[in-house]
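Use the sequences and the hints to build the structure in full.
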Amino acid sequence: MSSNVRVRFAPSPTGYLHVGGARTALFNWLFARHTGGTFILRIEDTDKARNTEAATQAIYDGLNWLGLDWDEGPFKGGNHGPYFQSEREDIYLRYFNKLKDAGHLYEEENGSWRFKSLRKVVKFDDLVCGHVEFDMSNAEIHPDITIRRPDGGWIFHFVNVVDDIEMGMTHVIRGEDHLSNTPKHVELYEALGVPHPQFAHIPLILNRDGSKMSKRDQGAAVGGYMEQGYAPEAVVNFLCLLGWSPKENREIFDIKEIIERFDLAHINRKAASFDLEKCHWMNVQYLLHMSLERFTQLARPFIDRAAIPYKNDAELTAVLAIVKEKTKQLDEVPDRISFFFTEDYAYEDEGVEKALKVPGALDKLTALAAAFEASETWTPEAIEATLKGTAAANGWKNKELIHPSRIAVSGRSVGPSLYHMMEVLGKDRTVARIRKTVEKFK
RNA sequence: GACCCUAUCGUCCAGUGGCCUAGGACACCGCCCUUUCACGGCGGUGACACGAGUUCGAAUCUCGUUAGGGUCGCCA
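Numbering (numbering that gives the first Met the number 0), first residue to last: 0 to 441.
Derived from the structure by calculation, the hints contain no laboratory data.
Fair warning: this is a prediction, and the values are worked out from it, not measured in the lab.
You may find that some hints are simply not true.
Only pairs whose alpha carbons sit at most 25 Å apart, straight line, appear in this in silico DSS-like list of lysine-lysine [stated by the list, open to error]:
| id | residue 1 | residue 2 |
| --- | --- | --- |
| 1 | Lys-353 | Lys-441 |
| 2 | Lys-426 | Lys-310 |
| 3 | Lys-353 | Lys-439 |
| 4 | Lys-325 | Lys-353 |
| 5 | Lys-435 | Lys-398 |
| 6 | Lys-75 | Lys-255 |
Structure representation (structure tokens):
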């Protein structure tokens with residue numbers, strides 16, 4: 000399916016990619032993918048003083064991580080480039096002269112240029128907000144906008160409109176903070192003699208307490224989700240449901256389902272508060288239900304960064320398979336698996352007190368090690384049978400073996416399923432670790 | 001302050017005049033499952049901002065008030 004829909008995400012590289020910006024990008028992307036249109040990335044770097052390389056890179060990284068691929072833009076090219084505003088000087092000059100010749104501009108004493116408002120009532124139908132009217136007739140309420148700096152630099156309102164014309168945008172989907180700017184833009188389109196694109200102003204994202212979400216707020220930077228080990232598909236799913244709803248009473252939708260269902264008409268008009276806890280829950284759901292292959296792929300950078308000394312992928316995968324269901328964020332993985340790969344694992348104080356430093360615990364472990372050593376098969380079921388059999392034969396409770404042996408083989412009181420953990424460790428290492436522990440705490 | 005947008009559980013959504021004694025999810029509180037921790041299951045607390053209308057009937061329509069957000073830059 001293809002269509003003539005053309006939408007863009009036009010960030011300014013002045014900081015980190017914000018979740019609000021990411022959601023704007025996401026809604027544009029979804030609209031393009033739903034309609035079979037084209038999604039364009041345009042970098043609005045007109046403010047030389049504030050733009051940075053790092054910020055530009057953060058935009059690429061964030062979009063790539065979220066899976067929001069663009070059809071035209073940096074690295075991709077396209078027939079409407081360049082896609083950096085800093086490289087479009089000649090185009091702006093052309094439009095500037097056009098406006099100037101038509102008498103729409105005037106120069107200030109300091110050398111900046113302003114656009115003379117048409118001083119009429121501006122009306123437009125916003126795809127999200129509905130019919131909107133602004134009475135622009137009063138210059139005190141709506142002063143003429145500046146479009147060019149004394150140094151020749153261009154101002155957002157002007158270049159944004161020029162590029163949207165030149166790049167053939169059919170829809171402008173952006174944050175509601177631009178709604179009040181829109182009548183100015185509509186006037187620019189009119190002065191240029193070009194019909195304006197359709198507008199869709201999506202509500203802003205607020206903090207839990209209703210305040211505006213700013214860069215410093217928790218959960219604000221997309222980079223934070225990458226570092227903490229959220230699954231990108233979970234963050235995407237969460238963001239989709241923030242201000243838009245497929246009208247079904249469920250929460251988990253894969254991206255294909257969302258693309259099928261997405262439409263601008265069902266975007267909420269109300270600003271949404273960002274609930275990090277729900278995002279976290281959604282991430283847990285994704286981690287729990289994704290394939291082991293996907294989990295391994297997502298966890299690997301964290302494991303490598305922590306320099307976990309696994310021998311080969313088979314060994315690593317076997318371990319990941321049993322910690323996957325407990326993992327809530329990928330950045331926990333190195334800690335959750337570290338004890339599998341060293342005999343020099345640390346013992347957790349509280350667990351040692353409760354499970355090992357109790358009368359008889361070490362003797363019971365010794366008996367358990369002997370029983371394990373004598374066992375023929377080493378499957379979770381067999382291990383469980385051996386453990387419970389040992390307990391029963393001696394008149395002990397199962398948990399009198401379970402808790403001490405968990406501490407003995409892992410150093411911890413919490414972790415994966417005990418029998419699966421022992422299976423992955425193997426019989427020899429399990430027995431050796433139990434005996435080593437007995438010696439250590441004698 | 002002016003202009004614009006908005007207003008359902010603490011939060012995210014459902015609800016577009018009767019199906020609502022308002023539904024789902026997160027969080028929270030019980031109970032159950034269980035070798036730990038989770039997961040899961042069951043149940044519970046909890047909302048139509050307020051006031052006038054319109055209508056036989058309003059969470060749903062209109063107006064006002066209040067509240068929140070946005071814009072008013074030589075930032076985007």
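Status of each hint after checking the structure:
1. Lys-353 / Lys-441: Holds: Lys-353 and Lys-441 sit about 15 Å apart, inside 25 Å.
2. Lys-426 / Lys-310: Measuring from Cα to Cα gives roughly 18 Å; hence the hint holds.
3. Lys-353 / Lys-439: Holds. Lys-353 to Lys-439 sits at ~16 Å (cutoff 25 Å).
4. Lys-325 / Lys-353: It holds: about 23 Å lies between the C-alpha atoms, which stays within 25 Å.
5. Lys-435 / Lys-398: holds, 20 Å
6. Lys-75 / Lys-255: holds, 23 Å
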